[in-house]
Amino acid sequence: MASVNVEVKSEPLNNHFLQGQPWKLWVAPILFLSLFFVFPMLSIILATTQMVGQVSLVTNWSRIIGIIGFTLFQALLSTLLTLLIGLPAAFLFGLYNFRAKGLLRLLSTLPFILPTVVVAAGFNSLIGPRGWLNLILMNLLHLGEPPVQLLNSLSAILLAHVFYNTAVIIRVVGSALEHLDPRLEQTSRTLGASPWQNFWNVTIPLLRPAMASAILLVFLFDFTSFGVVILLGGPQFATLEVEIYYQTMQLLNLPLASILSIVQIVFTLLITLSILRLGGGEIIPVRPRVQEERLRKPQYLAEKIFLVFMMVLIFVIFISPLLGLILRSITRLDAERRERGVILPALTLDYYRELFINRRQSLFYVPPILALRNSLLYALASSLLSLLFGGMAASALTYKIRLNKWLDSMLMLPMGASAVTLGLGYVLAYGFNFQSRQLFPYLIPFVHSLVALPFVVRTLQPVLASIPATIKFAAATLGASRWHIWYHIELPLVSRSIAVAGLFAFAISLGEFGATAFLTRPDIPTLPIAIYRFLGLPGALNYGQALAMATILLACCAAVMALIDLTQTRMYSGENL
Amino acid sequence: MNLSPLLQVVNIYKKYQNQDLLSGVSFEVFSGETVCLLGPSGSGKSTLLRIIAGIEYAEKGMVKWAGKDLSKVPVHYRRFSLMFQDYALFPHLNVNDNVAFGLRMQRMDESLIRRRVAESLKMVNLQTFGQRRVTELSGGEQQRVALARALAPHPRLIMLDEPLGALDRSLKDQLNKELRSLLKRLAIPVIYVTHDQEEAYAIADRLLILHDGLIVQQGNAEQIVSQPKNLWLAGFLGFTNTIKGRVIKLNPLTISTSFGKFVSTAQTANCKVGQDVTLVLKPHGVQFGKINRQQNCIKGKVIEVLFKGENHQIAVEIGKGTLISVQSTQPLSIGDVVNIYFPPDSVLYYES
Chain L
1 MASVNVEVKS EPLNNHFLQG QPWKLWVAPI LFLSLFFVFP MLSIILATTQ
51 MVGQVSLVTN WSRIIGIIGF TLFQALLSTL LTLLIGLPAA FLFGLYNFRA
101 KGLLRLLSTL PFILPTVVVA AGFNSLIGPR GWLNLILMNL LHLGEPPVQL
151 LNSLSAILLA HVFYNTAVII RVVGSALEHL DPRLEQTSRT LGASPWQNFW
201 NVTIPLLRPA MASAILLVFL FDFTSFGVVI LLGGPQFATL EVEIYYQTMQ
251 LLNLPLASIL SIVQIVFTLL ITLSILRLGG GEIIPVRPRV QEERLRKPQY
301 LAEKIFLVFM MVLIFVIFIS PLLGLILRSI TRLDAERRER GVILPALTLD
351 YYRELFINRR QSLFYVPPIL ALRNSLLYAL ASSLLSLLFG GMAASALTYK
401 IRLNKWLDSM LMLPMGASAV TLGLGYVLAY GFNFQSRQLF PYLIPFVHSL
451 VALPFVVRTL QPVLASIPAT IKFAAATLGA SRWHIWYHIE LPLVSRSIAV
501 AGLFAFAISL GEFGATAFLT RPDIPTLPIA IYRFLGLPGA LNYGQALAMA
551 TILLACCAAV MALIDLTQTR MYSGENL
Chain D
1001 MNLSPLLQVV NIYKKYQNQD LLSGVSFEVF SGETVCLLGP SGSGKSTLLR
1051 IIAGIEYAEK GMVKWAGKDL SKVPVHYRRF SLMFQDYALF PHLNVNDNVA
1101 FGLRMQRMDE SLIRRRVAES LKMVNLQTFG QRRVTELSGG EQQRVALARA
1151 LAPHPRLIML DEPLGALDRS LKDQLNKELR SLLKRLAIPV IYVTHDQEEA
1201 YAIADRLLIL HDGLIVQQGN AEQIVSQPKN LWLAGFLGFT NTIKGRVIKL
1251 NPLTISTSFG KFVSTAQTAN CKVGQDVTLV LKPHGVQFGK INRQQNCIKG
1301 KVIEVLFKGE NHQIAVEIGK GTLISVQSTQ PLSIGDVVNI YFPPDSVLYY
1351 ES
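Residue numbers (the numbering used here), protein chains in the order written: chain L, 1 to 577; chain D, 1001 to 1352.
Keep in mind that the hints were calculated from the coordinates and are not lab data.
As a list, the in silico SDA-like pairs of lysine to any residue whose alpha-carbon atoms are at most 20 Å apart:
1) LYS472/L - ASP1086/D
2) LYS1244/D - TYR1350/D
3) LYS405/L - ILE30/L
4) LYS1072/D - SER481/L
5) LYS472/L - ASN1094/D
6) LYS472/L - GLU1162/D
7) LYS1122/D - SER1111/D
8) LYS472/L - ASN1096/D
9) LYS1229/D - HIS1211/D
10) LYS472/L - GLU1056/D
11) LYS472/L - TYR1077/D
12) LYS1072/D - ARG482/L
13) LYS1308/D - PHE1236/D
14) LYS400/L - GLU1056/D
15) LYS400/L - ASN1018/D
16) LYS400/L - GLN1017/D
17) LYS472/L - LEU1093/D
18) LYS400/L - LYS1015/D
19) LYS400/L - TYR1016/D
20) LYS400/L - PRO462/L
21) LYS400/L - ILE30/L
22) LYS1244/D - TRP1232/D
23) LYS1064/D - SER1023/D
24) LYS472/L - GLN1085/D
25) LYS472/L - THR1135/D
26) LYS472/L - ARG1133/D
27) LYS472/L - GLN1106/D
Output of the computed footprint for chain D on chain L, the stretches with three or more beta carbons under 8 Å from beta carbons of chain D:
28) 473-480
29) 485-495
Owing to the predicted nature of the structure, the values given are computational and were not obtained by experimental measurement. Glycine included, each C-beta is placed from N, C-alpha and C at the ideal position.
The task is simple: from the sequences and hints, build the whole structure.
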C-alpha cells in the first residue's frame, strides 16, 4: 500500500499532453518571411505600377523583347544539350553497377555544391584567353595572341549550364530508374512485351514524372541563370537576370528592372505549370523490395563501350574545369621576350601570397583575403538564422495547426524567386536613401538565410515528423516534462539533421552571388564578389588572384560537403525509430 | 483483501473523428490486481489507456487514484507506466539508458540508478544487454527492454498496451508465461490491453470486456466464458452457432427450435415462457453419435474438416445453407452424416 500514499505533485498547467500553443512557433518565421521575402516582392510590384504612370521613360522595347527571346533560346538550347548528355548518363547510373560508380556519383554531386563563380572561373581557366586551351595552342602553334575566342560566347554559357544540369538529370532520372520496381518490367516481359516494347510502354511512362521534374529544374535553372551568364557571356549576352542587374545597378532604372522581374516570374510560372502538366503529376513511388535489385553489370560489348565512353565524358565534364582551375591558380607564365609565343609555365604560390597584400588601395581598401573572412562570417550568421527560423517552422509543421498546409507552401516560395529578383526587391524595399544603402551588407545574411530556409525546413521537418508520438508519450509517462522531452528525446534525434541543415545553409551562403551582388559594399566584399571583380580586371596577377580565390572557395565548399557526408552517414534513419 | 480501489475510472466519454468511441466507461482496479481490458480492434482500448495515463483527455468523466481526482495532474507526475504496443524505445539510447530514463527524470542518484537498472534488467532476463543498442535487438528483446523501462521507476500502476501483439505465436506463449509470473511477483496493479482472448484468460485476475464504448461485462475468465452477457460477446468469444427458438418451459429451461428441443442450464432470471430467443451452441465439448437423441441434438452432414493442432474444427450443414461449426477430437470425413449432441451447459440463450 505504500504506493497509494505517494504525494502527487500537481501542476496548475493545462494537462492535455499535446496542448500548449504550438501556433506560436510560427510567429517568428512569418515575421522573417514578411520582412525579407513578402515585403521585397511587394516592393517590386509597387515599382512596376509607378512605371505605368511614367510614360516619359524611354525604353528600347525591341531590345527587351530580344533579351526575353535570347533568355528562352539559350535556356532551351542548354536544356536540349543537357538532355543529350544527361539522359544516357542517367541510364548509366540507373541500369548498371560498375566499379567506378561511387567515384562518378561523388563527382556528379559537385555541381550541386559549387558556386557559379567557381564554375565560371573554372571554365575561364580552361577556355578563357589566359586558359589552358589557348596556352597549349599558343605554345604548339607559336602564336602571340590567344587563338580561340570561346569566352564571352554562347558556347561558354552552354558549357557551364551543361556542367550544372547533367548532374540534375543523373540525380533525378537516374535514381527514379534505379528505384523502379523490376517486377513491373518482368511482368510486362512475361506478358509478351519485347525489350523495346517494354522500354516504351512500361519504363518510359513510369519515368515520365521524374523526367518532367528534371527538365523543369534544368530549364528553370538555365532560364534564371545569372552568375554563369554575367561571368562567361560577357557584355553582349544579356539574359533577363543580367539585364535586371544592369538596369538596377548601372542605369538605376528601377521601374524597368521591376517590370523585367515580373516578366521573369510570369514566365517561370508558365513554364512550371506547362511542364508539370506534361509530366502527368506526381512521381509514383514504386520501390524495389531489394535496394539496387535492378542494377546489373554490363555484359555485351556495346554496353561496355557505352559505359566507358560515358564514364570518360562525365569525368571530363565534371573534373576538367575544377582541375584546370586549381592548376591554373598555381601556374606562373613567363613569356620569353625574344621568342614571341613561347611560354614557360612554372609552379608558383604568388597569387595566393598576393591575396594577403593590400596592393590596390583604390579597389577594395583591404587585402583580398579579407573577402574570405567576410564570407565565412556571413555564412555562419546565415546558417544560424536559417536554423532558428527553419527550426521553428519545421517544429510547427509537426503539429496539427489549421494553416500549416498553406504556410508550408509559403515557406517554399523563396525557392521560386531568383536571386536577382530578391536582390532587386531588397534594393527597392530597403534602399530608400544613401544611409540605408550603407547598411545593405547587414541584409546579406538575411537574404542568404531566406534562400537556405526551404532546404533547412525540408531537411528538419521529415526527421522531426518521423519521431513516433509514442516515443514522446513513453517519455512523458516516465516522468519527462515537455522541456525534458525536447531536450532528451527530440534534440538528440534531430541533432545530426540540424548539423546537416546548418552546413547546407552555410554552403549556400558561401557561394551566393546574385542577391549579394545587389547588396555588397566595395569595402566588405564576399569571396564570390571578389572573384567576379578580379576576373574583370586586366593583368595576369589579377587573373591569378581570382583563380586563387576561386580555389579557396572550392576548398571551403568541398570541406562543408565532406562534413555533411560524414554527418549523414551516421544519421538515424527513420527505420531505426 | 483490500476493498478500496486504487484506480477508479468514472464515466469516461471520448469522441474520435466525431464518432462516439467511449461512451461512459467505468471500472475500478484494486491493489495488486491484474485487470485485462479485452475488446476488438478499434474499440478504444488504447485510447482509454492514454486517458488514464494523462496523454489524452476525456470529454467527460474522471480518473481517480486512491480517491483523488487526477485531472489536474499532468502525465509526467502521475507515475503510471505505459508500455506501448510498438515499445517506443528511445533509438538514440542504449538499453541501460532506456531503462534508466524514468529514474533520471526523478533525478535519482546515479549509483542508485545503476542498481535499479540492473535489477530491472534481471527481472526480464536481459542482465548482459545493458550496453547494446536498442535498434539491434530482436522484437522479443525490445519487448523486454520496454517492460524493464516501464518497471524501473517503480510505478504505481503499470499499463501494457498489446504487449505481445507484434510477436509470433511461440514467443508470445513463452513471454506471456514470464510476464504472468513477473506481474504476480511485483504486486503492482496492472491494466493489460489485448484483443486476444487466450492471452487475456492466461494473464488476468479479472476481465473487462469493452464494446461499443462501454464495459459490457466484467469478471473472471470462467464466469465470462460460461455466461457471456450478450450475443455480441458470445460471438466475440467464438460462439458463433446461433439458431432461433422459443421458450416452452422454465424448469429445466427448455427451448423449442426447428431442429428440435434444447435444454439449457443457463440462468432463467429474466425469462418467460413463450419468449422468442436466440440460442447459442458452444462448439466445445459436443458429442457425436449414431443415435439421434430426443433433446439437444442436431443431425447434419460434414462438409469441411480443418485440422487445428489439437483437435478438428468441423463445419456441419444442418439445413439448407445453414452451417454450424464444432470442435471434435476425432477426425470425421467429409460427407459423414452425424448427430451432434450439445450438453445443456453448452447451450446459451439470448433475448431476440
